[in-house]
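J.: So you can see what is in the structure, the chains are spelled out below.
There are 2 protein chains.
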Amino acid sequence: MASSRRNVYFFGAGKADGRAEWKDLLGGKGANLAEMTNLGIPVPPGFTITTEVCTAYYKNRKRYPSGLREEVRKAMARVEKIMGLRFGDIEKPLLVSVRSGARQSMPGMMETVLNVGLTTKTIPGLIARTHNARFVYDAYRRLIMMYSDVVMEKAAGIEPPEGRAIRHLLEREMDRMKEARGVKDDVDLDADDLKELSEVFKKTVKKVLGKPFPDDPYEQLWGGIGAVFQSWNGKRAIAYRRIEGIPEEWGTAVNVQAMVFGNTGDRSATGVAFTRNPATGEKAFYGEWLPNAQGEDVVAGIRTPRPLNKKGKRGENRHLRSLEEEMPKIYRQLDGIRRKLEAHYRDMQDIEFTIEDGRLWMLQTRTGKRTGVATIRMAVEMAKERLINQKEAVMRVKPDHLDELLHPMIDASKEKKAVLLAKGLPAGPGAGAGQIVLTADRAERWAEKGKRVILVRNETSPEDVHGMHVAEAILTAKGGMTSHAALVARGWGKCCVVGCGALTIDEKTRRIVVDGKVLKEGDWITLNGTRGHVYEGSLPLLPADPAKNPYYRELMRWADRERRLGIRTNADRPEDAAAARGFGAEGIGLCRTEHMFFDPQRITAIREMIVADTAEDRRRAIMKLLPFQRKDFQGIMAAMEGLPVTIRLLDPPLHEFVNLDKKQIKDLAKELGTSPKLLEARIAQLHELNPMLGHRGCRLGITYPELSEMQARAIFQAAAALTKKGKKVFPEVMIPLVGTAEELLNQKEIVARVAKEVQKETGTRFPYLIGTMIEIPRACLVADEIAKEAEFFSFGTNDLTQTTFGFSRDDIGSFLPDYLAKGILPNDPFQSLDTGGVGVLVEMGVRKGRKSRPKLKVGICGEHGGDPKSIAFFHSVGLNYVSCSPYRVPIARLAAAQAAIAENGKKKR
Amino acid sequence: MASSRRNVYFFGAGKADGRAEWKDLLGGKGANLAEMTNLGIPVPPGFTITTEVCTAYYKNRKRYPSGLREEVRKAMARVEKIMGLRFGDIEKPLLVSVRSGARQSMPGMMETVLNVGLTTKTIPGLIARTHNARFVYDAYRRLIMMYSDVVMEKAAGIEPPEGRAIRHLLEREMDRMKEARGVKDDVDLDADDLKELSEVFKKTVKKVLGKPFPDDPYEQLWGGIGAVFQSWNGKRAIAYRRIEGIPEEWGTAVNVQAMVFGNTGDRSATGVAFTRNPATGEKAFYGEWLPNAQGEDVVAGIRTPRPLNKKGKRGENRHLRSLEEEMPKIYRQLDGIRRKLEAHYRDMQDIEFTIEDGRLWMLQTRTGKRTGVATIRMAVEMAKERLINQKEAVMRVKPDHLDELLHPMIDASKEKKAVLLAKGLPAGPGAGAGQIVLTADRAERWAEKGKRVILVRNETSPEDVHGMHVAEAILTAKGGMTSHAALVARGWGKCCVVGCGALTIDEKTRRIVVDGKVLKEGDWITLNGTRGHVYEGSLPLLPADPAKNPYYRELMRWADRERRLGIRTNADRPEDAAAARGFGAEGIGLCRTEHMFFDPQRITAIREMIVADTAEDRRRAIMKLLPFQRKDFQGIMAAMEGLPVTIRLLDPPLHEFVNLDKKQIKDLAKELGTSPKLLEARIAQLHELNPMLGHRGCRLGITYPELSEMQARAIFQAAAALTKKGKKVFPEVMIPLVGTAEELLNQKEIVARVAKEVQKETGTRFPYLIGTMIEIPRACLVADEIAKEAEFFSFGTNDLTQTTFGFSRDDIGSFLPDYLAKGILPNDPFQSLDTGGVGVLVEMGVRKGRKSRPKLKVGICGEHGGDPKSIAFFHSVGLNYVSCSPYRVPIARLAAAQAAIAENGKKKR
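Chains as they are written, first to last, in the working numbering: chain A, 1 to 909; chain B, 1 to 909.
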C-alpha cells in the first residue's frame, strides 16, 4: 500500500501512480484507469484524489488536507502537458470531468460534473479547436445545468420546494426555447440558440441561487471536487450504503480526467462494448458505436447505434456500417485492447471508448454483467482457454445463474413492457403463463381440456394438490416462503408467487380484484416466480433444458469434483425422485409420507383410524393403508435404486386429515357407520390451539404405536420385494420431532422389531438405518444422548427455525416485513439459515452427536438445504449432506463446491 | 462398614452386632432393632440376615452362601439362651417371626411369616406356658394360613386361577366353620373349634398344594427365610421398585426375631405410639393400647383402642382407662424409652410395643409420619429444644407441608368417607365447596346473592375471569396444569381442578354427566385442589391462616436467613400484590398488563385499536387506554412501595381481544362506526394458525410502536405521581419475547425516550430499569448480545419450555399422559423444570448474559418459580430471584432456603 501522505495519484501517457489492486484507496474507477494506463492502453490523462482525503475531509470539519491544492495543481500541469492543452487557456483550453469513485460501485448515488473548465474565455478556443460551435455551446449549457444542480444547489445544502429545483427551472427555460423555435428535440437547437440559452441559464442561476455561475476554471474544478465529496453524505448515498452495508468510513475518491469528445466531427465516434457476448457468452467481441456522438447518445436511443463488427450485425442494425468496416485500423486497435484487457483482468470486460479526431481513447473498463447462460459458458470456456482454472470457473457462477437454465423464463425484452399487476413473494422460480382458475377441481378439469391454467387461491392445502399439479403456476394471496403452496411448488420446480396481499379473491363471483382492477376466471396472467411478479396477459416464455447445455454439464462435473457435501433431494413421489436423480441427487434425504395419505382411496382409511374408539379398530383401519404405502415406497426406492432413501414416519397432526365441512362429516359418518354428532365431537377433540407444537411427529407414533408399525412394515416389505428382484435398496427410517432419547428409543424398538420380522417372513436381508430428525431445540441440547440411539441425524431446519425463534412460519406475514424494513432481521430466517442463533444449535447438535457416535451421518432436509448461503454454513459445520427439492439440486451441488473451494482458499491464506 | 463375610447380625440382651447407620446392609428394620438393643431398650432378641445374602442368593442361582445355615443356628442358640426357651422344644418352645426389611421402606410389598416354630409337638408346651389353648390354636391356624400362602404357594411360583388361591380356600373353610357354629366373628370360635380348623387347614393344604404343611420348626424357618428373599422379586415388589426408582441390586434383609405375645392374658397388652402428637405437633406422648391383644387388633377396629395416657383422652375413648392408669410402672418405662428414642433419633418416632406377662418389649421404632402443621411445629420446637439446629428445622419441612397452612383444606376424617366423583389435575391447591354453575355470568349473579359457587367449564378464557374471581373454586373438563384456569387460580391461591376428562358438560340443559351420574346446576360439590379430587356434596373445610401460626412465622424467619435467592411475586392487581407482600414477596417479578385490558370499559378501546385503519386512528384508540393503565400501575406500585415492580409490556396476540360471536361483532361495528363485514374481515385477518408463535410479545410493540409508548407512558406517569407523593418506586419495564438484540434495542429506545419525557414533563426523578424476558431458545443462544441492551433478564420458563420441547401447553393433553405412563418423560416439564434440556438453555442464558454484563440481574417468572425442585435448580445456576404466584411465595422462600442449605452441606462434605 502506498504511503497515506500522498493525496493525488496521477495517470496518463502509459504510466500511472496507482494499480488495479488499490481500489480501497483510489476507488474502483480510479484504480482501473490507473491499471489501463499502466497496460499502455490510451486513457485520457488525469488523476485520482484518494478516498482518504474524503475521510479526512469529513473528520476535519470539511477541510482539505494541507498540500492538496498544490498536488492537484501539479497533477493538472502533467495532464496539460500530455494533452498539449492548458486548463483555462484561451487558445487551447483543456476541459476535465470530475467523477466520484468508491471502493464498491454505487451506481447513480453520487455526482459527476463534465466539461469543467469551459468559461466565456475558453469557449472561442474550443470552437477553434473543434470547428464546432454548436457542440461547444451545447457542452456549455450542459455544464451550467449540471454544475448549478450538483455544486451550487445540492452540495450547498439548498433544498428547494417540489418542482423549484434549479434543474427543473433550467429545463423549463430550455422547453420554452424549443417552443419559441418551434422544434421538438434538443438536437434541433442550433449553436446560436444554445448560446442564447446559456445566457438565460446564467441569469436564472444568479436570480434563483443568489450567486453567479463561476467563470473561473479552477473555481469550477474545486466546486466539482467538493460536490463529489459532499455527495458521499447525500441522502441517497446514505440510504444506499445502509442497504448494502457499506461503511461510512470508506469514503469516495474523486477522479479528474481530461475530456475527450466523440462528437467533434466525422472522424470522431463513441461506443460501448463487451469483450464477449454478455447474452450468450460466446467468445466474440460485441458492442455498439455511433459516429460523431457523445457517450450518452449511444444509450439514449434517439439514434440507432451501429454494430461494432460484421459479426454483430443482426435484424434492426443489419444495414448499418460497423466500426470494423468504417475505421478498420481503429477497430483493430480496439480489438487488441479488448484481448489485452481480458487477458489482464481474466474476465469479460465492459468497456467504453471515444474516438476524437481519429484517436482512440479508453474511458472505462469493468467486469461486465451477463446472463446466467453466458456466465456458465464464459466460465467454462475461459477455464478451457486456461485464462482461469476450473475452481475459479466454479466460483464465478452464482446460484441465480443456474436458475435461469432450470426453469422457463419470461422473455426479458417483453417483460420490461408488460403490465405489472402486483408483487408477491418469489416462492417458486421460473415463469408461468395461463388462465386464472380459482379451485383445484376446476384447474384439473380445465387442464384435462388442454387449457393452460394458473391456480389462484387465498392459500393452498393438501387437498388442492391435484389442482396445483396440473397448473402452470400457482398464485396465493396469503402465506410465506415456506407456506404449503411454496413448499409444494418448489418441490416440483413449479413457478409460484405467494403472499400477494393485493389480491382479493371472490370465489362466489369467480373474480379477483387487484388494485381496483377486476380479473375473471379464465383471464390470462403471467407470473415471474423468480422475482415474485404478476403480469396481465400471456407473455412469451423461453423454455428450460439444462441437460442440453454442454457448458452446464461440464461445469457441474467440475463442481462435483470439488464438493465435500453430498446432495440429496426431498421427494415424495417416484416421478420427483427420478427428476431429482436426473439433476444429480445422490439419494433421498426426506421422503414425507403424509402426502401419500391424501389420495381419496386412502384418506377414508386414515379418517377411520382417527375416529376409531378402540386400539383394535384403529389397528384395523391403519392396516388398510399398508398396501398403499408399500407400493409408494417400492416406487420411490426403485427410482432411487442403489442410493439411500430416507423415509420420515408420519409427521403432521391428525386433524389435518379431517378438515371437513358439515356435509363431508355427514358423508364420512355414513361411510364409517357412526353418527355425525359423534364424528364431529371427535374432530373437535383433535382441534389444537397450536398444532405446530401439538400432537404430531413421533408423538403420534408413541400414542399410536400401530401407526409406526404399519409404516415400518410398508417400508421393509417394499425393500424386501425389491431385494428379491435383485435390486439394491438402502432404506433409512427417520423418526420425526424427537426431543428426548426416550422418544427415539420407543420408536426405534418398533421399527427394528418390524425389520427383523419382515426379513424373517420374506427370507431377505437388506441394510437399513434408523435415525431421527433434529428439529426442536431440545434435540440439539441433548444430541449426545439421542445419538446413542440414532444411526443418523437429519436437521429439520424449518421447524428448528420456528421453535428457536418462536416464529410460526404460517403467521410471520404480520410482522416479518416490518422486521426486515427496520433492520431487526437481516433476512427471512426461513430462507437463509440464521447462523447466529439456529446455526449455533445445529453446530451444537453435530458436535454433541458425533461425541457419542463419531461416525454419525448428519444431513439437513429443511428448505435451507437449497439455499447457497446456508449450504456454505452446513459445509463449515461438517454435515455429510444437504437435501433439497429436486430443482434446487444443481444449485446445491454448485453451492457445496463453492463452499469447499472458499474454505480451501481461506486455509491457504 | 462390617466385613461382608458375615451373613448374620445378632441383636438381644442389650448388645447388637449392627447399628442404625447400617441400613444398606441390614435394612431399615434390622438396623433400628440393633440400634434399640444397643441403647439398652428391651427388644425381643433375634438376628438379621443381610441384604448381601439376598444379592448373593440371586446371583448364585438362588443358593445361600456356604456357612449361612451354621450362622443361623448359632444365632438361634443365642436367642434361645436369652429367652430361656428352645426352638422346637416340647416344654418351652420358642416361636419366631420372619420379616423382610429393605434399605427403604416398601410397605406391604414383601412377605412376613409369624409364629414360626409352632408344630404338633410344641403346641402343648406353649399351652402350658401361656395357659391359653385358644390363643395357641389361633396362632397355629394363622401360621398355616400365612405359611401355605406365602411359602408353599407364592414362593413356590404357583399361580392358581382366580379365587383358587390357597388363602381363599382356607378362608372359605373358616367361613364354613363359623357357619356351622352359628357364629359371626373369628373371635367367637373357641379353642376346640380352632383346633379342628387347623386339621381341616392341613388337609386342604396337602390336597391343593400336594405337600403337607411342615411340622418341623427348622423347615418352617428356612421356608420363611426363602419366601422373604423370593418376595424381593415378586411382581408387586418389582413394580413398586420401578415406580420408586429402587435398584434391584439393593436386595432385602431378613429379620428373625423371638415372638412375644400381648394376648396371653390380663398382664399382657400391645400398643402403638408417637413420641409427639402427629396431628398437631404438640410435644406430648400420644398413642393407643389394648390389653390382652395382638398388634393387629389395635388397628383392626373391632375393639376400641384405649388412650395411652390421661392427656390423650378425648371424645370416644374418654371413659376408657389409659395405660398410664392401668400399668403406671410400665407406662413410666415406656415414657423413658420414648424420651431416649427421640433424643437418639432426633426426630419424632412411631413406635410399637408389646407387654407379655408384665414385661415390656419394643418391637419397632421409625420416624413417624405427621401432618404439615405438626411438621412445622415439631421442627421449630425441636430446634428450640436444641435437639436439632435451625438449618435442620428448615430442611425438615416439605413444601407440601406449608400448603396445608396456606389454603383451606377438607377435614381429612370427612374426606375419607366422601363420594369421589372424578379425578383431575391438581391445578390450584386447597379445597373449595360450592354449588355448580356453568357460566361466569351466572357465577357472578349467584355470588352476588350470597351463594357459594364452583364454576364448572370445559375450559376458561380471559372473558370468564369475573366468574372465576367470585367462585369458591374452579373445575374444568379440559386443559393442563398451565391452562388459563390453572394459571389464574394459582395466582389467586384459589382451589382449582383442571383436565377432569370424565366430565361432560351440557350448557343447554345445564347438566353435568360424570361417569353416568347426572348433576344439575345448583348441586353441591367439593374440590380438593391439592389432590385433584372432586367430591359429591358439601364437605366441611378447615380454614387457613398461616400468619396466626407462630411456628410458621418462626420457621420462615429462619428460612429467610438462609436463602440467597430473592422471592418476588407474579401479580397483576393491587390486592394480589398486597397479599403477596403479606406472604413475604420482595417485589413483583411479573406484572402482566394484558389482564387489565379485559375490563369492559377498556376492551372497546383495545378493539378500536385493533381494527384501526391508519396509524393515527390506532394511536388515538390506544391513548384512550392511557389513564386506565396509569391507574393500574399506580395502584400496584403503591402496594409495593419501596420494592421493585417488573411490568411486562403487552404480550398476547391481538386476536385474543376480539374473540367475538356474530352478534358481538355487529354491536362492536356499530360502536366503532364501521360495517360488520369489514370488522369481520379484519378479525379474520388476525387469525393465526399457531398464535403461540405468532404476532405477539415485542413483535406487537415493533409493529405498533404507539402501543409500547402508551404503556411506557402509563408506567412512568404512575411512577412520577407516586414520587411526587414522596413514595419510593422502582419500576422495571420488561420487553417480552425478545429473540434478537435488535428487537430489544428497538423497544428500549421507545421506553427510554418516554421515561426521559415524563421525568421532564413532571419534574420528577425516579430510578427505573429496562430489561427483557428470556423465553425463546434464541434469546439464550445470543444472551451475550441481548445483555448489552438489557439491564435485567427474567426467564419466562413457560414459553421457553414450550419452544424448547416444541410442546404447546394447551395441547399436550393428547400425549403427555402417555409420555408419563411410558416413562418417556419423568414428569410434566411445565410443572418441574426440565433441567437436562430447558435448564441447559437457562444456564447458558445466565452465563452468556453475565459475560457481557457481569452485574446483570437475572430472575425467573414462569410457573416454575413456585416449584421447589425448579427453585433448587435456579439457585444452583445463580439467579438473583424467582417470582411466583402470591400463594406460592412462602413455599418459594422455604425451597430457596433449602437449596442454599443443601448446597452448603455439599460444599462442606
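It should be emphasised that the hints constitute simulated quantities derived from the structure, not laboratory data. Some hints here could point you the wrong way.
Copies of the same chain look alike in the list, so a pair counts if it fits in one copy or across any two.
Unchecked claim - Okay, derived cross-link-like pairs now, DMTMM-like style, lysine to aspartate or glutamate, Cα gap no bigger than 25 Å in a straight line:
hint, residue 1, residue 2
1, K822, E742
2, K677, D661
3, K202, D190
4, K81, E153
5, K662, D506
6, K788, D818
7, K662, E680
8, K848, E785
9, K517, D613
10, K822, E757
11, K508, D661
J.: Evaluate each hint against the coordinates.
T.: Hint-by-hint comparison with the structure:
In this assembly of identical chains, the alpha carbons of K822 and E742 lie at most 25 Å apart only when taken from different copies (9 Å versus 43 Å within one copy). With identical chains, the CA atoms of K677 and D661 are at most 25 Å apart both within one copy (13 Å) and between copies (22 Å). In the homo-oligomer, the alpha carbons of K202 and D190 lie at most 25 Å apart inside one protomer (18 Å), although the nearest pairing across protomers, at 140 Å, exceeds that limit. Taking CA atoms no more than 25 Å apart as the test, K81 paired with E153 passes in neither setting, with 34 Å inside one copy and 123 Å between copies.
Proximity of K662 to D506 under the C-alpha cut-off of 25 Å is found in both arrangements, the shortest distances being 22 Å within a copy and 21 Å between copies. For a Cα distance limit of 25 Å, the shortest separation of K788 from D818 across copies, 23 Å, qualifies, whereas the shortest one inside one copy, 43 Å, does not. Proximity of K662 to E680 under the C-alpha cut-off of 25 Å is found in both arrangements, the shortest distances being 9 Å within a copy and 22 Å between copies. Taking the shortest Cα distances, K848 and E785 sit within 25 Å of each other both inside one copy (8 Å) and across copies (24 Å).
In this assembly of identical chains, K517 and D613 lie within 25 Å of each other by CA distance solely across copies; the values are 22 Å between and 52 Å within a copy. In this assembly of identical chains, K822 and E757 lie within 25 Å of each other by CA distance solely across copies; the values are 24 Å between and 58 Å within a copy. With identical chains, the CA atoms of K508 and D661 are at most 25 Å apart both within one copy (17 Å) and between copies (24 Å).
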